[in-house]
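Chains W and H, in that order, give the protein sequences. Note that the numbering used here has the first sequence beginning at 905, numbered continuously upward. Note that the numbering used here has the second sequence beginning at 320, numbered continuously upward.
Bear in mind the hints are in silico, worked out from the structure with no lab data behind them. Be aware that a few hints might be false.
Stated by the list, open to error - DSBU-like cross-link-like pairs, simulated, lysine-lysine; straight-line CA separation at most 30 Å: (1) H:Lys333 - W:Lys907; (2) H:Lys383 - W:Lys972; (3) H:Lys383 - W:Lys921; (4) H:Lys360 - W:Lys960; (5) H:Lys360 - H:Lys333; (6) W:Lys972 - H:Lys385; (7) H:Lys383 - W:Lys960.
As the list claims (entries may be wrong) - Covered stretches of chain W (in silico footprint by chain H; criterion: 3 or more residues with CB under 8 Å from a CB of chain H, positions within the stretch not fixed): (8) 949-961; (9) 1004-1011.
For glycine and all other residues, C-beta sits at the position ideal for the given N, C-alpha and C.
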Amino acid sequence: ELKVEQNPLFLSMQEGKNYTIYCNYSTTSDRLYWYRQDPGKSLESLFVLLSNGAVKQEGRLMASLDTKARLSTLHITAAVHDLSATYFCAAGGTSYGKLTFGQGTILTVHP
Amino acid sequence: GAVVSQHPSRVICKSGTSVKIECRSLDFQATTMFWYRQFPKQSLMLMATSNEGSKATYEQGVEKDKFLINHASLTLSTLTVTSAHPEDSSFYICSARERAAQNEQFFGPGTRLTVL
Chain W
905 ELKVEQNPLF
915 LSMQEGKNYT
925 IYCNYSTTSD
935 RLYWYRQDPG
945 KSLESLFVLL
955 SNGAVKQEGR
965 LMASLDTKAR
975 LSTLHITAAV
985 HDLSATYFCA
995 AGGTSYGKLT
1005 FGQGTILTVH
1015 P
Chain H
320 GAVVSQHPSR
330 VICKSGTSVK
340 IECRSLDFQA
350 TTMFWYRQFP
360 KQSLMLMATS
370 NEGSKATYEQ
380 GVEKDKFLIN
390 HASLTLSTLT
400 VTSAHPEDSS
410 FYICSARERA
420 AQNEQFFGPG
430 TRLTVL
């Protein structure tokens, strides 16, 4: 059974600082996703990572995937208040399409 | 990008009644749709997977007689919560995947169900 674990679960950052959210998964997965969720809203897709060594960047966020270590990271550069949200990673175990989500990381960016 | 809608966005019902939630893919054909449930401050839990024209596959612990899923067309899946109780109150989110984009799931805006 595929299990996905994120850490930290809570992250309080100052504006302008950098930090990384980690996502570990337990068994082989052929794809890894990052999502953002604002309070009361559904998921917004951030990144889809499909191969070992994949790195994608959008604005202040950069995601990477190491399939050998079964680890993905979401790096935040020079955080701003607008990045405050809950971030989920999810791993896909098979081409069947089923996703297993991590617990989520609640990010709060303070002035 | 691909758009998925859900209706209603919010519903309040009395205990014992049934509630139907619709999930539609607006600009693509969804060969597979997924239904998730999210309790406050928690992650998303997959409830079931439905493929057009076939019976849904439910995750362990999800009562298929209580959560009826129908995927009658390539653009519509419905989730009916039968005899709803307060513990069924949750945020229900659907996602859809098209045959040509196997690596992507497009999420609907969610339905907030409150059972009194």
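The hints, checked one at a time:
For the proposed pair Lys333 (chain H) and Lys907 (chain W), the alpha carbon gap of about 36 Å is over 30 Å, so the pair is violated. Distance restraint check for Lys383 (chain H) and Lys972 (chain W): the Cα-Cα separation of roughly 37 Å exceeds the 30 Å cut-off, and the hinted pair is therefore not satisfied. Note on Lys383 (chain H) and Lys921 (chain W): the hinted pairing is violated, with a Cα-Cα distance of about 47 Å set against a maximum of 30 Å. Proposed proximity of Lys360 (chain H) and Lys960 (chain W) is supported: the alpha carbons are some 28 Å apart, at most 30 Å.
This hinted pair checks out: Lys360 (chain H) and Lys333 (chain H) have alpha carbons roughly 24 Å apart, not beyond 30 Å. With a C-alpha separation of about 41 Å, the suggested pair Lys972 (chain W) and Lys385 (chain H) falls outside the 30 Å cut-off, and the hint is violated. Taken as a hint, the Lys383 (chain H) and Lys960 (chain W) pair is broken in the structure, with Cα atoms around 39 Å apart against an allowance of 30 Å. Here the region 949-961 of chain W counts 3 residues with a CB under 8 Å from a CB of chain H, which clears the bar of 3, and the coverage holds.
Note: the region 1004-1011 of chain W has 5 residues with beta-carbon separation from chain H under 8 Å; the three-residue rule is met and the coverage holds.
In this structure, the earlier hints numbered 1, 2, 3, 6, 7 are contradicted, and the remaining ones agree with it.
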